[in-house]
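Here are the chains, one letter per residue:
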Amino acid sequence: MLDIRYPIGFMFTLLGLIISVYGMATGSSEIYRKSLGLNINLIMGLVMLVFGLFMLFLAFRKKKG
Amino acid sequence: MKIEMGFIDYLIMVIYFVFVLGIGWILRRFMKNANAFLEAGRSMPAWVAGLAFISTNLGALEVMGMTGSGLKYGMMTTHFYLIGAIPAMIFLSLFMMPFYYGSKARSVPEYLKLRYDEKTRGLNAVMFTFMTVLASGISMYALAILMEKVLGWDFNLSLWISALIVLIYTYLGGLSSAIYNEVLQFFIIVLGLLPLVFLSLNDVGGWSGLKESLVSITEAKGYAPDTWLTTWKYTGQASSNPMGVEWFGILFGLGFVLSFGYWCTNFLIVQRAFAAESHSAARKVPLIGALPKMFIPALIIIPGIISLVLLNDPSKGFELPKDAAGNPVYDYTIIMLLKQYLPTGVLGLGITALLASFMSGMAGNVSAFNTVWTYDIYQSYIRPATGNEEADGKHYLLVGRIATICGILVSIGAAYIASKFGNIMDFLQTIFSMINAPLFAVIFLGMFWKRTTGHAAFTGLLTGLIIALLHHGLTLPEGATTLVKGGWLGTVHVYPVEMAQNFWTAIFAFSASTVVTVILSFLTKPTKSDDDLRGLVYSLTPRTVTENAPWYKRPAGMALIVGIIFIVLSILFW
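Chains A and B, in that order, are what the protein sequence lines are.
End of the first sequence = 98 in the numbering used here, gap-free, step of one.
End of the second sequence = 585 in the numbering used here, gap-free, step of one.
None of these hints come from the bench; they were simulated from the model.
Hints are supplied without guarantee of correctness; some may be wrong.
Stated by the list, open to error - Computed list of lysine to aspartate or glutamate pairs in DMTMM-like fashion (alpha-carbon distance at most 20 Å, straight line):
no., chain 1, residue 1, chain 2, residue 2
1, B, 43, A, 36
2, B, 160, B, 342
3, A, 67, B, 330
4, A, 95, B, 288
5, A, 67, B, 324
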């Protein structure tokens with residue numbers, strides 16, 4: 034059956050990329066006044082990207098071994 | 012309280028739904044018979060079923076309610092995650108799962124049939140199917156109303172679109188699809204709410220800042236300064252804590268009756284463990300679920316406590332919406348926090364997390380409903396198996412799929428009833444929440460006392476329900492006026508808060524059920540021989556422990572680890 038780590042991995046990698054790129058593009062925007070001046074999009078985007086890639090790593094490693 | 016979502020927020024939401032539907036689409040080719048569709052072919056790895064096990068419980072209404080409770084009651088809300096969950100999960104894993112899984116029962120009602128008799132199964136199956144479509148309807152209603160109020164979407168459109176998405180993925184992939192999406196939902200909830208905790212805690216000056224700010228607020232309310240950050244410390248008397256309950260009510264009402272009734276006998280929850288790939292995986296499911304369970308309060312209760320500080324600091328500009336009577340709507344706390352702290356981008360993630368948990372709540376109910384309907388009602392009373400396994404498998408697969416469609420249609424109907432007669436739905440939900448306590452009494456006695464008979468169990472179950480109804484009808488939480496909250500037979504006792512009333516309803520129902528079942532078991536003749544009960548009753552089942560895994564990978568070892576973390580957390584936040 035389908036290994037659930039693939040969809041989780043692909044989805045969070047994709048979302049992470051989108052949100053972190055959006056974060057970079059809006060670097061010093063007004064919108065971050067809400068988040069205490071922190072570029073929370075960039076931070077969370079990277080967290081999600083790392084999580085997504087880690088899930089994919091686990092899934093592919095199992096497939097090989 | 013409208014939230015403006017940007018293009019990027021909608022994009023995130025759309026991507027999530029594409030994945031949700033995609034999982035259903037990929038799984039559809041594995042759905043060859045009823046067993047694959049309704050039981051996920053008993054093929055789920057322990058960690059997948061384990062995350063689904065707690066994710067099913069982590070519905071949006073739960074998240075919204077618990078954040079609101081964090082504001083109202085503070086850290087005491089974590090009782091629902093610690094004493095009100097962990098001991099029951101450990102018990103389920105170590106003592107009950109071997110009989111559930113080992114008996115090859117496909118549902119909790121079917122276990123009742125194997126252990127007792129047809130009528131006990133029938134009673135439970137009928138109540139359960141009613142309860143699940145009702146719960147799913149209420150979930151849909153809440154989702155649509157939220158979309159309408161917060162995002163400005165059309166009520167009908169939100170209702171039908173969300174129902175359609177749930178229908179597509181559960182129709183295509185059955186229980187496997189529901190479980191996979193629950194795992195996906197678990198991660199999106201954690202990652203979606205993480206920035207909220209991080210930002211709000213920073214805003215009030217970290218943990219020590221929170222502690223300091225709470226002092227004057229709680230003193231003004233007439234409680235000790237650290238009340239909002241403690242769990243057991245002020246439970247010596249009901250009046251010294253905001254929840255209005257004393258330690259005995261928490262320990263016995265929540266920690267024993269309510270929690271064991273919910274976690275050990277609610278088929279919606281234990282179905283996730285039934286779907287595990289092996290006996291030992293099934294036993295690990297509740298323990299794997301217990302680990303993240305203990306840390307969920309950090310994500311949803313702590314932001315609730317922080318919002319109490321925000322509410323009392325006008326410079327933050329934080330407000331809760333008010334209802335018609337001018338009272339703050341605590342359930343919207345988490346929404347207002349999302350609005351307060353999250354800029355477009357992560358905002359879409361947070362909103363998607365809430366939507367995701369609404370939908371997986373519906374999917375969970377629907378997938379439990381179609382299993383009980385197909386096996387315990389249709390197969391038992393309408394069309395029994397013919398003996399031709401392949402033809403039967405195909406036939407019941409079709410029935411399961413039709414039940415999925417019907418279940419969702421009935422839920423939509425229930426959602427509309429809820430929108431017109433909200434009180435009736437509240438009332439019914441309260442009534443149905445009472446079925447778990449007597450059910451636990453009956454299953455517990457059945458598993459651990461071989462003398463328990465079918466007649467006794469049936470009568471015990473029914474008595475428990477009647478007693479629960481009577482208690483609810485004769486008591487009232489303070490300040491309540493509507494009959495929905497109780498008191499519809501007259502008022503004998505008034506509880507300080509609704510929660511205390513719920514605890515005691517469960518305690519009375521459980522005790523009545525136990526007493527009646529025990530007495531009648533002595534008075535009636537057992538209809539099942541010891542041979543019939545092998546694998547269903549503790550004392551008649553040989554224990555075969557031949558696992559070679561290291562100690563921490565065995566159920567007992569994992570239970571020990573979970574237990575230690577539970578105790579440490581309880582002491583840390585005493």
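Hint-by-hint comparison with the structure:
Of the supplied pair hints, the one linking residue 43 (chain B) and residue 36 (chain A) holds, its CA atoms being roughly 18 Å apart against a limit of 20 Å. A distance of roughly 13 Å separates the Cα atoms of residue 160 (chain B) and residue 342 (chain B); the hinted pair therefore holds under the 20 Å criterion. With a C-alpha separation of about 15 Å, the suggested pair residue 67 (chain A) and residue 330 (chain B) falls inside the 20 Å cut-off, and the hint holds. Proximity of residue 95 (chain A) to residue 288 (chain B) is assessed by CA-CA distance (about 18 Å); at most 20 Å being required, the pair is judged to hold.
The hinted pair formed by residue 67 (chain A) and residue 324 (chain B) meets the criterion: a straight-line CA distance of about 16 Å does not exceed 20 Å.
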